[in-house]
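Asks: Below, each chain spelled out in residue letters.
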Amino acid sequence: DIQMTQSPSSLSASVGDRVTITCRASQDISEYLAWFQQRPGKAPKSLIYLASSLQSGVPSRFSGSGYGTDFTLTINSLQPEDFATYYCQQYNFYPLTFGQGTRLEMK
Amino acid sequence: QVELVQSGAEVKKPGASVKVSCKTSGYSFTGYHIHWVRQAPGQGLEWMGWVNPNGGGTHYTEQFQGRVTMTSDTSITTAYMELSSLRSDDTAVYYCARDQGYQLLFLEFWGQGTLVSVSS
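Chains A and B are the protein sequences, given in the same order. Residue numbers for the first sequence follow this note's numbering, beginning at 3 and rising by one. Residue numbers for the second sequence follow this note's numbering, beginning at -5 and rising by one.
These are calculated hints, taken from the structure and not from any lab test. Values in this document were obtained by computation on a predicted structure and should not be read as measured data. Certain hints may be false.
Just a few of them, taken from the derived set where beta-carbon distance is under 10 Å, the chain B residues facing chain A [to be verified]:
{"no.": "1", "residue": "39"}
{"no.": "2", "residue": "42"}
{"no.": "3", "residue": "44"}
{"no.": "4", "residue": "48"}
{"no.": "5", "residue": "56"}
{"no.": "6", "residue": "83"}
{"no.": "7", "residue": "104"}
{"no.": "8", "residue": "105"}
{"no.": "9", "residue": "111"}
{"no.": "10", "residue": "114"}
Footprint (simulated), chain B over chain A, 3 or more residues, beta carbon under 8 Å [to be verified]:
{"no.": "11", "region": "61 to 74"}
{"no.": "12", "region": "86 to 94"}
{"no.": "13", "region": "97 to 103"}
Yeah, the Cβ is synthetic: ideal placement off N, Cα and C, and Gly gets one too.
The shape of chain A in the complex, shown without the other chains (with noise of 0.2 Å):
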């Protein structure tokens, strides 16, 4: 299985900073990584897709970038609503793997 490692697993932030997350996968997973934003007690999210891709109604403060094993999500200007737990994910082979999360607190 594709193991997807996630840095830092926490950070702490303050509205209106940049904050960067990064993703790397165990092999070439090519640009099939995606990002989902997760609150407290509610359903994942769907964020970025093929690695640098907005979803639909997803502000443009987030983007991603990235390619083969290295990927990153950024947030520019975080607002309150950011302030969640982070996952990435490879969609390239079987077994669809997660990351193990990233925490975003507010400083």
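Starting from the known structure of chain A, arrange chain B on it as the hints suggest.
Replies: Chain B in isolation, oriented as in the chain A frame:
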């Protein structure tokens, strides 16, 4: 708009089975796979497999082979996930999700989740 609405919480005893439903609307049901993902309390996301409502084909992870059955009913645009021989470590929130179609497995839309508690 696309909606996936799941059945309510379940409490089961070890060894029992549970069947969770996922009622869909707002799109062509047979055009997209329905996936199932679970999340144990305080833990991350774990993909279980998918069902293709167009013909009923399935793909399960090895971990759940023999214990999970994913089905669909096109007449009521509803997908189902049945898990048998339940253990305490099957306690989790189970989510259904629709993919992007055209063999693209991006989980685009999600249900609200169903909590399954397994306890004696």
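Asks: For the region 61 to 74 of chain A, do at least 3 residues have a Cβ located nearer than 8 Å to some Cβ of chain B?
Replies: violated (count 0)
Asks: Go through the hint on residue 83/B and say holds or violated, using the shortest Cβ distance to chain A against 10 Å.
Replies: violated (18 Å)
Asks: Given residue 56/B as an interface hint, is the shortest Cβ-Cβ distance to chain A below 10 Å?
Replies: Holds - the Cβ of residue 56/B comes within 10 Å of chain A, reaching about 7 Å at its closest.
Asks: Given residue 114/B was flagged as interface, is its beta-carbon under 10 Å from a beta-carbon of chain A?
Replies: Constraint on residue 114/B not satisfied, violated at 26 Å.
Asks: Taking beta carbons only, do three or more residues of the region 86 to 94 of chain A come closer than 8 Å to chain B?
Replies: holds (count 3)
Asks: Quick one: see if chain B covers the region 97 to 103 of chain A, three-plus residues with Cβ-Cβ under 8 Å.
Replies: n = 7 at 8 Å, threshold three: holds.
Asks: Given a cut of 10 Å on the nearest C-beta pair, is the interface hint for residue 48/B held or broken against chain A?
Replies: violated (19 Å)
Asks: Please check whether residue 104/B passes as an interface residue: C-beta within 10 Å of a C-beta belonging to chain A.
Replies: holds (4 Å)
Asks: Does the closest beta carbon of chain A sit nearer than 10 Å to the beta carbon of residue 111/B?
Replies: violated (16 Å)
Asks: Close enough to count: is the Cβ of residue 44/B nearer than 10 Å to one in chain A?
Replies: holds (9 Å)
Asks: With a cut-off of 10 Å, does the beta carbon of residue 105/B approach a beta carbon of chain A closely enough for the hint to hold?
Replies: holds (7 Å)
Asks: Using 10 Å as the Cβ threshold, decide whether residue 39/B counts as touching chain A.
Replies: holds (4 Å)
Of the numbered hints stated above, those contradicted by the structure are hints 4, 6, 9, 10 and 11, listed in ascending order.
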